[in-house]
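Residue numbers (my numbering), protein chains in the order written: chain A, 402 to 1138; chain B, 58 to 656.
The hints are simulated quantities; they were obtained by calculation from the structure and are not laboratory data. The reader is advised that the hints may include incorrect statements.
To be verified - Derived pair list, reagent style DSSO-like, types lysine-lysine, alpha-carbon separation capped at 30 angstroms:
no.	chain 1	residue 1	chain 2	residue 2
1	A	Lys610	B	Lys430
2	A	Lys1075	B	Lys430
3	B	Lys165	B	Lys86
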Amino acid sequence: MLTAIGTMVTAAEPEGGGSHWTLTMIVVLPLVSFVLCGLCAAFKVKSKLPAWITVASLAAAFVFTLMAFMNAGPMIAAAGAEHGAEHAAASAEHAGHLTVHVFDWLNFDWGGGKSSSGRFDADFGFYIDGLTLLWMLFVTGLGTLIALYASEYMAHDVGLGYCRFFAAFSLFVLSMSCLVMASNLLMLFFGWEGVGLCSYLLIGYFYKKPAAVAAAKKAFIVNRIGDLGLLMGILGVYAAFGTVQYDKVFEFIHKGVDAGGHPLTTSSWIPVILPLLLTAGAFGKSAQLFFYVWLPDAMEGPTPVSALIHAATMVTAGVFLIARMMPLYTIDPAHTILTFVAWGGTITAFWAATIGMAHFDIKRVMGYSTASQLGYMFAGLGVMNSAGGAAHVFSHAFFKATLFLACGAVMHGFAGQLDLRKLSGVRKLPGWKIVAAAMFFGALNLSGVTFTAGFWSKDLILASSFEQSPAIGWILLITAGLTAYYTFRAYFRVFEGPVYFEPGDEVHGHDEHEDHAGHGHDGHGEESHAHDGHAQGHGHGGEFHPHAPGWAINTVLATLVVGCFAIIPLVGFAEHGAWVGKMVGASSAAMHGGEEGHGTFLGMNPHSVMYYVSSVVGLLGIAAAWWLHLAGRTSAAHANADKLEPALGPIVTWARHKWYVDEFYDAVIRIPLKFLSNIFYLLDQYLVDGLVNLTGFVPKGLGRLIRPSQSGELHGYALGMAGGLAVLILIVLMVAR
Amino acid sequence: MNQWLLILAMLTPLASALGVAVLPAARAKTVAMYGTLVALVFVLYAGFGVFSWEQSGYMQLGMDEPIRWIPSLGLEFQVGVDGISMMLVMLTALLGPICVISSFTAIKDREKTYYAWLLVLQAAMTGVFCARDLILFYICFEFTLVPMFILISVWGSTNRKKAAIKFFLYTFTGSVIALAGLVYVAWFNVHRPGIEGHVNWTFNIQTLAFASSKWMSLNQQTWVMFALLAGFAVKVPLFPVHTWLPLAHTEAPTAGSVILAGVLLKLGTYALIRFVLPFVPAAVVAYAPLIGALCIVGIIYGGLICWVQTDVKKLVAYSSVAHLGFCVLGMFALNHAGIEGSVLYMINHGLSTGALFLLIGMIYERYHTRSMKELGGLAAKMPVWATFMVFFTMASVGLPGLNGFVSEFLCVMGTYQASTAWGSGVWHTLVPQVGTTPGELGPWYAIIAGTGMIIAAMYLLYMLGKVVWGPLRLPAGHDHHGGHDAKDDHGPALPTDLSMREIGVLVPLAVLCVALGVYPKPLLEALKAPTDSLVQAANAGREKIGVEATPGERAAKGEKGAGSAQLPGSERPAGTTHLELLTPDMISPASGRPGEVTP
């Protein structure tokens, strides 16, 4: 055993030198940060040290990712060139990739002797191609920025949950890196569940709030349902190909045979059931179709968490999974499951947008918007435009993070106020210019206003949708209008119009104080000190002064706005998604070219007209938002939209109540299951155990009959022994006869 | 010297028990602690310094010469371990000092008796895993009941008498029937067909396994299997015979619960893997779907019951029913992944559930309640405790990266692989064709069992949501400002959060949870040899009743006719058969003795 550990240490050494250690460092740095933040918590550090540790480590990880990207440059260029050259035949097999083995995780082999032999390999290792690097760049890059933002945002928790926050934050980046860089499906699952754990811990960060605890639990359990599908899919992949390593699986798929040498297309389950199982996992993690319910509730977490985990990175893991396993999805010539993915995304995009239009909580609006935008990404994958899907992931990561962080700044400044009926004209307050600008530019992107990054990436998806299936295209186009409406509804209500604000109840950003007041302190004087020092300014009775964001928040917001512009050339001005398209082309997600569908947009080539159409739709949505929520608005609470509401009847109320989906799930799944559990418990106590107790009476009764004078319990087992011996003799006689 | 290490591992706790009994009560703790620690050192030395895990054949590390006990009856005192039992011996030795140290403040009366019995229990459990002889095994197996009976009935909580009696009677009745089965096997060995002349009785496990698996008819094997199951399934416990467990767990003192969950339940699974699988493989193959179905019922039924508990200790107790369902399911997949997963499950369940019981005990010591209605939101008051609680809950949920995942995944993987029957599997699962068509587990079993992983998340996060998170709730009498809640007792006061002693008890378990989750490879390697012999046994059983050897494994390793894609590592020597159950290299020369008929 010791020698085995020894080999592990040597195996961890970089193999063949070169750039491999830089890849390992990408994972090691967040791990170091996690451990250090944990130590900070153990030693009760009462400064911003954990934040700086996290920012520094993640920044270093970002630098290493850049180095890995530079190193891999030739590989990607070569694969991209190949992809371009033989556009029709390019496939995952030709895409350049690098597989690095770090150490054996769940590798084992068996047999070789008398019994059947085989092996299962799930390394801790990396599979590096364009897709991996694309994801890692924004995971580490945005991770660093958001950690910096959080250093200020979470400042009121210094000495309380600050270390816990940054430990979980680092652990998240670690898990996400493992998920993205994994060399096999099981390591992906490792990261997959790891990000789920961090999501759980961070949604429930304000753990004294029952709503946060419930939301965290819901997120984890709903995810687990999808994860079961993913796990079964992984086992199915293993059953089909005898391996879960990406490169070997792709090799088999490229050859068109399973491990037994049978052609894949004749299999009844490999082309359909396997991708379907993986899709269940992807939809769970990315909050699509039946699984979307957890994401809006996840907004209970601190806003930086919503920005990083529940908008930019973790929720895109489902998109990543499907893009990564695209060869498996394209085995089926009819693309059954891809069509399912496209429809799943489309329905979610529309559905979530309708709820976003009615909600008054800006963070929830953004949450539904995320579910909706993720729907676009899946639609992109489903309509055979993986470059479009990935491009939208990329641009969405930037602009949605910007939007969330701007909302977070508002929340931070107005004591947790999120209701867009209680805030107005924030832009006109001193010190809020950068926040307002960030919100504005983020909103432009989300609405798909011409030439923004969001515009380019969304157009890729829309055009391909019309090409493959006009029905999907139309729904997505209408949803684009709705998106523009709800985005600018939030912007116009909060940042424009007359200046007005009411402080929130501090529950979202500052709940520690409130709870401390309620529960007293177990001998931690410093906590009460923090409370007293801070709560003065936010009292409900006293005069409320919003506090404008400080340098960290403003720097991050400004950087992100610049980023939103800087990425335009990376996703735009080209039919196949520019640089992002090239990265995706140099990966397992590369799509077979030349398979363009025959759908049109009103008889025109969707790729050439979509720019104009979607621009018009986006502007219409903004105009509607302007008319309904800004024009002539004199107070925060009332706008023209109120006049429209009675005309729509109960629809608005239903949408505001999320179409009662949560209630439906409760009634159909949770309550019956709870009922069943109670029945089981009663059965267990009275039937299963009752029978046992009944048999317990038999020897007792017999004992009374035989030896009435004897009392005490031990005669029971004496009889038991006698009974056992009797059975023994019986069996011996029976068999020996 | 080396072969005496195992005996020392048993004798040291016994000697310390004697020491505890003789020395004054004030010394009891110290003696018990050092006794268990020394035993741990012996075991660690045996495991890392002496034992060669890579080639651990059948119970290979042990005594060269058996101590003849009653030669005419073939009774011998003989100990030895292989990879499977060594791991369990190490688990037992590790939990020993942890249980002793965790009891320092919890046990305040009759300390001498308490620690003495705890040590005796430790010796008996080690004996079970080391026994190479049926009778020694059975003596130790039954003897574990006595100390546990006393621990529960004296130091348990309110309903302790009933729990102790039920625990004793239930498991005892079962194991008497198991004894009948075991004795029948020994009897069969001297009366089996083909024996010429007089053959001495023997109770050597290896010899008996060879004889019974080779010569017993399916009918005989079936009878023996059900007799053995009667004893061992109760101990595990499998679904319909589990009702002693929640009661015993709930009422036992903390250390008792830890040992119960950590080791005593493993006596059942160990006995299944040590006796049922190799003794009666044909019957096992034939009835695997039935056992698998019972496991699945246990996983779902047990899990759902957890979900409606209000007593946190009972919740964890019922979770054992669900967890061990996975363990036995993997075992009855009868392939490498399943069996290795099953053995790892025994270890991992011992670590994580043991730790959960310790954590609950720490709360009970402070607040004297286990009700989730009275307690809640303890993260605010006891952040260190809460951190450990979340950690071990996640290990129990089966989060990848921690130990629970590795074993759960392997069990589910083994189950999935056991056959490739996707279409026909549905019917097979819903109505196991017991006895008539020998069946295999398969993907549908894995999927249905997999819902247990969702249910595990449901009930464990429900528990976390109540106890760790949420607004702080303390039982009446513990006001919010009370920092030292244990003052009303006559023992030493406990700090609000965990003391260094309590942290020290939890840290080794936490470290192991991470280590085994991130790098399980040494254990997987160590289990290779013993698992291989078990799979061979199962294959022989399949041949006996005419079933093809695991189709799932065959598909997975890519072995098919010409033109198949060749993957590195997927080649396999062709034409291997599974005729022989125990290969000559598994019967070491040291174990040859009169009474054994070599094939």
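Lys610/A paired with Lys430/B [C-alpha distance capped at 30 angstroms]: holds (17 angstroms)
Straight-line Cα separation of Lys165/B and Lys86/B no greater than 30 angstroms? holds (11 angstroms)
Does the structure keep Lys1075/A and Lys430/B at a Cα separation of 30 angstroms or less? holds (17 angstroms)
The structure fails none of the hints (numbered hints given earlier).
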